[in-house]
Amino acid sequence: MAKTVRETIKYLIKSHLLKKKGKVFGQCLTAVGWVGGTLPEMYEKDGMIELSMADVAGGGIVTGSALMNERPIYVIRYQGFNWYNCPMIVNYAAKSKELWNKPCPVFVRGIGMEGGIGPVAGSSHHSLYFRMPGVKICAPMTPKEYTKIYKQYMKEKEVYYVSEHRGSFNNSKEFKNDLKGKKDLVLIAISITRFEVEKAKKILEDKGYKIGICHVLWIKPFKIPSEAYEIIKSSKKGAILLDDDYVDGISNSIANKINLKTNKSIYTMGLKDKTAGAHKKVDNLPPNYKEIVKFAKKILNE
Amino acid sequence: MNKIDFEIFKLAAECRNFEINVFNAVKNKKITIPVYLSAGQEYIPATLAYLIKKELKINPYIFPQHRCHSIYISFGGNKLKLVKELLGLKGGCSYTKGGSASIHSEEIKMIGHDGHMGTQVPIGVGSCFTSKKPTIVFMGDAAAEEDYVLSSLGWASTKKLPILFIVEDNNLSILTEKKIRRNWNMHDVAKSFKMKGYEINDNPKEISKFKKYFFKEPMLLNIKTNRLFWHSGAGQDNPDIFDRLNFEMKRIGNKSFKENILIKNYIDKLWQRQLEKL
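From first to last, the protein sequence lines are chains A and B.
Under the numbering used here, the first residue of the first sequence is numbered 2, with each subsequent residue one higher.
Under the numbering used here, the first residue of the second sequence is numbered 54, with each subsequent residue one higher.
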């Protein structure tokens, strides 16, 4: 049976620690769930370091570790916690190489999830990192993608913000783009929305629309295949860019870039501009396939 | 006068004469970036550098804050490279990106500061935790109030790191006095975190008393001192403030006055040659 994303992360971290490439830092790592089962059962003697609950200082401590020629992995259990955890990562670790020629490579695992967890912890917050120079941002949702970005990080000297999502941890399949032929509309998907666009595409195609799909692994620098731009350019209605963060961040920024390259309308869908509440009826979730289908139809029928 | 007093004086005098040149260059608009002068506080790094490098023969990692010229010079940083850095000339110690506040030097293991007050404390703690090497972290009495500084002290104590925290306490955050900002003291905070913590003044003899504890376990020294010039830039708030360097120069006597003239001439020339390149 193929490995899941969860097993892949666990394997990579175990190997990282056993080969003494760097420590793994975070809060409550050795708790019951071992961060969604993505950590091997190892302890401080093995390099699995429990930080205190001081969020801001934690980011600084990890930054200091990276200055000592190690490659720390920093686990942030909910992406919303980045508001307090990322200041020294983005202001110091990310700038150190450019300022002083002193690399400070940190692998930040920001873990997204949503649904019933209230106003601060839910969803992805990768837009927080997006505006800062010196950070690379990716959102791997498959085992191969995760392995690829980890290996790339180990070869480079940059800060990586790895925008994970618990919704992908059970996934063992790889995604494929559909960028061939003439399309009515292209769906460009980031993070957990990649699972939903697959479902939405099927429904829309059953109704006779020609839908392209472009999966995004690399958010910064933003990378999609060159044929994606061609397909969007030749499409009838342009594209929808979907994200698990608020649209007034990465989504609108990237949409603008694609628009400038293709001269087509690039619509965005992400979290609604409201604060999430704890109960279902007041939650703020990323677009699901039904919402994507509805919005796509509206564009296609204009 | 003993030899140690004189050696520490020489280091401090180098710092002071360097800072006077920076002061003049700012006044004459030869330096156009923000500068943070350490004149008045130089006896702290000069004493520590002498004790740590010359006596203990330890070459620690150094995590300074923005007011760091004297730290750099005392611990053996290349002065010419710092002149170039401040003037924005090629060959500056921090590639002209660091300026006055973010000096970095691999040669003396001094790690650049990003400009946010107190970040050097958690970063220094993390570095020490990973390297397990002697580490000295400088902060001001204002930076010490940052929440992440306090929690980092707690973690350093928990992990029993070979780290020395130095609070350069001039009683001011820009011009806001300590008593207005807080009713507690840093050495008490250190003790509450179960590490050695002491409040002393910048008399080298007082600082020397604690040498035996350096890097054996976490320790914090809150050292009272005075900043002679403005928080930033070239100006003076209080001309009557106690000046440790002048006091020590008078105490040591004639030899120190003569040495100071030699140091002044050397540092002035160093600056003059670079100023001519502008």
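Hints are supplied without guarantee of correctness; some may be wrong.
Derived DSBU-like pairs: lysine-lysine, alpha-carbon spacing no greater than 30 Å straight-line [stated by the list, open to error]:
1) B:Lys232 <-> A:Lys103
2) A:Lys183 <-> A:Lys98
3) B:Lys212 <-> A:Lys98
4) A:Lys262 <-> A:Lys181
5) A:Lys158 <-> B:Lys212
6) B:Lys213 <-> A:Lys15
7) B:Lys110 <-> B:Lys80
8) B:Lys277 <-> A:Lys137
9) B:Lys213 <-> B:Lys80
10) A:Lys221 <-> B:Lys213
11) A:Lys234 <-> A:Lys299
12) A:Lys98 <-> B:Lys277
FRET-style restraints, in silico, Cβ to Cβ [what the hints assert, rightly or not]:
13) B:Trp237 <-> A:Pro226: 58 to 64 Å
14) A:Trp84 <-> B:Asn81: 42 to 48 Å
15) B:Thr229 <-> A:Pro226: 44 to 50 Å
It is worth saying that the hints were derived from the structure and are not from the lab.
Glycine included, C-beta positions come from ideal geometry on N, C-alpha and C.
Now for the hints, and whether the structure bears them out:
1. Between the alpha carbons of Lys232 (chain B) and Lys103 (chain A) the distance comes to roughly 39 Å, so the proposed pair goes past 30 Å and is violated.
2. A distance of roughly 44 Å separates the Cα atoms of Lys183 (chain A) and Lys98 (chain A); the hinted pair therefore is violated under the 30 Å criterion.
3. For the proposed pair Lys212 (chain B) and Lys98 (chain A), the alpha carbon gap of about 28 Å is at most 30 Å, so the pair holds.
4. With a CA separation close to 19 Å, the supplied pair Lys262 (chain A) and Lys181 (chain A) stays within the 30 Å bound.
5. Of the supplied pair hints, the one linking Lys158 (chain A) and Lys212 (chain B) holds, its CA atoms being roughly 28 Å apart against a limit of 30 Å.
6. Distance check on the hinted pair: Lys213 (chain B) and Lys15 (chain A) sit about 27 Å apart at the alpha-carbon level, within 30 Å; holds.
7. Taken as a hint, the Lys110 (chain B) and Lys80 (chain B) pair is broken in the structure, with Cα atoms around 39 Å apart against an allowance of 30 Å.
8. Between Lys277 (chain B) and Lys137 (chain A), the direct Cα distance comes to roughly 43 Å. Violation of the 30 Å bound is thereby established for this hinted pair.
9. At roughly 46 Å between alpha-carbon atoms, Lys213 (chain B) and Lys80 (chain B) are farther apart than 30 Å, so this suggested pair is violated.
10. Restraint check: the Cα-Cα separation between Lys221 (chain A) and Lys213 (chain B) comes to about 39 Å, which exceeds 30 Å; the hinted pair is violated.
11. The hinted pair formed by Lys234 (chain A) and Lys299 (chain A) meets the criterion: a straight-line CA distance of about 20 Å does not exceed 30 Å.
12. Taking the CA atoms of Lys98 (chain A) and Lys277 (chain B), the gap is about 35 Å. The hint is violated against a cut of 30 Å.
13. Distance hint check for Trp237 (chain B) and Pro226 (chain A): the Cβ-Cβ separation is about 59 Å, which falls inside the suggested range of 58 to 64 Å.
14. The hinted window of 42 to 48 Å between Trp84 (chain A) and Asn81 (chain B) holds, with their beta carbons roughly 44 Å apart.
15. For Thr229 (chain B) paired with Pro226 (chain A), a C-beta distance near 57 Å fails the hint of 44 to 50 Å.
In terms of the numbered hints stated before, the structure departs from hints 1, 2, 7, 8, 9, 10, 12, 15, listed from lowest to highest.
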